[in-house]
Amino acid sequence: MIEEISIRDLGVIAEAALPLGPGFTAITGETGAGKTMVVTALGLLLGARSDSGTVRIGASQSWVEGRWRVPAGGEITERVRDSGGDVDPIGESGDAELVLSRSVSPEGRSRAYAGGRSAPVAVLSELGERLVVVHGQSEQIRLKSATAQREALDRFAGAEFQASVAEYQAVWRRWKDGAAELETLTGDRDRRVREAEELRAALDEIEAAAPQPGEDVELDERIERLENVETLRVAAAEAREQLSAEESDGPDALSLLDGARRALEGAGRHDAELGALAGALQAAQYQVTDAAAQLSSYLAGLDVEGSHDLELLQERKALLASLVRKHGTSLDDVIERLQTGSARLFELDGDAERIEALSAQVAADAEAAEALAAALTKARVAAGEKLAASVTQELAALAMPDARIVVEVSDRGELGASGRDQVAILLQPHPGSEPRPLGRGASGGELSRVMLAIEVVLAGTDPVPTFVFDEVDAGVGGAAAIEIGRRLAQLAERSQVLVVTHLAQVAAFANNHLTVVKDTGGAVTESSVRQLEGAEREAEMARLLSGLADSESGVAHARELLELAQG
Numbered sequence: 001m002i003e004e005i006s007i008r009d010l011g012v013i014a015e016a017a018l019p020l021g022p023g024f025t026a027i028t029g030e031t032g033a034g035k036t037m038v039v040t041a042l043g044l045l046l047g048a049r050s051d052s053g054t055v056r057i058g059a060s061q062s063w064v065e066g067r068w069r070v071p072a073g074g075e076i077t078e079r080v081r082d083s084g085g086d087v088d089p090i091g092e093s094g095d096a097e098l099v100l101s102r103s104v105s106p107e108g109r110s111r112a113y114a115g116g117r118s119a120p121v122a123v124l125s126e127l128g129e130r131l132v133v134v135h136g137q138s139e140q141i142r143l144k145s146a147t148a149q150r151e152a153l154d155r156f157a158g159a160e161f162q163a164s165v166a167e168y169q170a171v172w173r174r175w176k177d178g179a180a181e182l183e184t185l186t187g188d189r190d191r192r193v194r195e196a197e198e199l200r201a202a203l204d205e206i207e208a209a210a211p212q213p214g215e216d217v218e219l220d221e222r223i224e225r226l227e228n229v230e231t232l233r234v235a236a237a238e239a240r241e242q243l244s245a246e247e248s249d250g251p252d253a254l255s256l257l258d259g260a261r262r263a264l265e266g267a268g269r270h271d272a273e274l275g276a277l278a279g280a281l282q283a284a285q286y287q288v289t290d291a292a293a294q295l296s297s298y299l300a301g302l303d304v305e306g307s308h309d310l311e312l313l314q315e316r317k318a319l320l321a322s323l324v325r326k327h328g329t330s331l332d333d334v335i336e337r338l339q340t341g342s343a344r345l346f347e348l349d350g351d352a353e354r355i356e357a358l359s360a361q362v363a364a365d366a367e368a369a370e371a372l373a374a375a376l377t378k379a380r381v382a383a384g385e386k387l388a389a390s391v392t393q394e395l396a397a398l399a400m401p402d403a404r405i406v407v408e409v410s411d412r413g414e415l416g417a418s419g420r421d422q423v424a425i426l427l428q429p430h431p432g433s434e435p436r437p438l439g440r441g442a443s444g445g446e447l448s449r450v451m452l453a454i455e456v457v458l459a460g461t462d463p464v465p466t467f468v469f470d471e472v473d474a475g476v477g478g479a480a481a482i483e484i485g486r487r488l489a490q491l492a493e494r495s496q497v498l499v500v501t502h503l504a505q506v507a508a509f510a511n512n513h514l515t516v517v518k519d520t521g522g523a524v525t526e527s528s529v530r531q532l533e534g535a536e537r538e539a540e541m542a543r544l545l546s547g548l549a550d551s552e553s554g555v556a557h558a559r560e561l562l563e564l565a566q567g
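Final position of the sequence shown in the UniProt record's numbering is 567; the numbers increase by one with none missing.
Careful, some of the hints might be misleading.
With beta-carbon atoms standing in for the labels, derived distance ranges [what the hints assert, rightly or not]:
#1 Ser-342 x Ser-410: 49 to 57 Å
#2 Arg-559 x Pro-19: 18 to 26 Å
#3 Asp-188 x Ser-410: 31 to 39 Å
#4 Ala-166 x Ala-382: 12 to 20 Å
#5 Asp-332 x Ala-148: 55 to 63 Å
#6 Arg-354 x Glu-414: 20 to 28 Å
#7 Ala-283 x Ser-322: 52 to 60 Å
Source of the hints: derived by calculation from the structure; they are not laboratory data.
Where is the CB? At the ideal position from N, CA and C, for every residue including glycine.
Sequences are here, hints too, so could you generate the full structure?
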């Protein structure tokens, strides 16, 4: 629900605030005062295209702001937060205040704001589709497309029917998904057979080789050592000879350390420090002895390994390199293919069984979808007859007793997400005429009444938060105008209704009456908005009736009309 709209420098309106609230708000005013600017302002808030011509002469920009009361946790709030904005909770009511704003520069540039943050105009459009339905002389109906008309009929059909639609859609989606998978399986059968053969050969080759993680690095290290075994043997032998001479009589590290230790041990009786150094030399002897033993062991290992393994290691390295060239960019890729390829091969090998099972499932789903679609068609035809009868009855009350609404449910030739039905809402203006699509079979005034009748009927099962009617009473007067006012009041029992009107018979039914007041005293015409009550409202009603706000008979007639409407 819109609680207030603020306007600044838009058209002839310099500055105005429109207090709205629940129920039925009528907006009246003299011709040229700027009543339609109210609808223009609302259109800007709902994402309509900006027009530099609407910026007030001499102003730096037009500014429009709207305050909505919305559910604090609904999809509208969620969309606002997704765009970066937020809403303000209203006490403990479970509702929140949403602020939408829009500015337009004299050059036509526009900026939009949702929930206090700058947002694309498309966000306002998306929110507007959920918040407001506008009917004007140039935009008479929200049911413009066959899809929208079918969706409206489905909502009118009620919750039980919508549950049937959901059941059908689940079966239809399963059928379409299964059919698509079956087409892929059968269409790619030869390719998948080749893939399975190639994958099986690759897995057999990899399994036979049984590569291990890091094996290629380990092979390189071992081959490097064996290819340089003579260099390693000479270095190790020389080092061992230097530590512990076995093939020469010259001094080695062990004999030198032993001599140094003995020299210090004799003198160590006279100085504890030398005794400690002697102990350190003895420890060094142990370490050198251990190193010499390790070098001897290393030399023995070189002899054995070097004579047996080099050729085998090189063959293994060549095998792993061949696997990497064929099946990946590294040995880890080859090992991973062995792991993932098994699952893929299992999937490919199961194609025959899958095709057989899927064919049966697709056939069963197709049969079920056909049966459910037929049930939807039957229900839509019944609901269409009820909708047509209800709207036709409303039209009779709106001074169109000869007009008739026809809801046509036809076969579009294939199953879709909503069944196989195409829905068209048609108008037969008078007996003997051919029913025609909405918008082609009536004048502007008649179409306004048709739209109002449809909205009144749909509001019972398909409520919209806010309706805006821009001169829905065009071309209507007398008793028909009173009935329009009565139907708008009836619609306002379920939704907020804003009506721009020039008829007192319509405005009389409003519980909130605003007037756009024109001031021509300055160099530029200015307009503002006032909320009317009591005598002021009676005077405005008299002006609408007779053109004279201070006419006693006009005021009396206005008072009588208000009593009729509000009684």
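Item checked: Violated constraints from the hint list, given by number and in increasing order -> none
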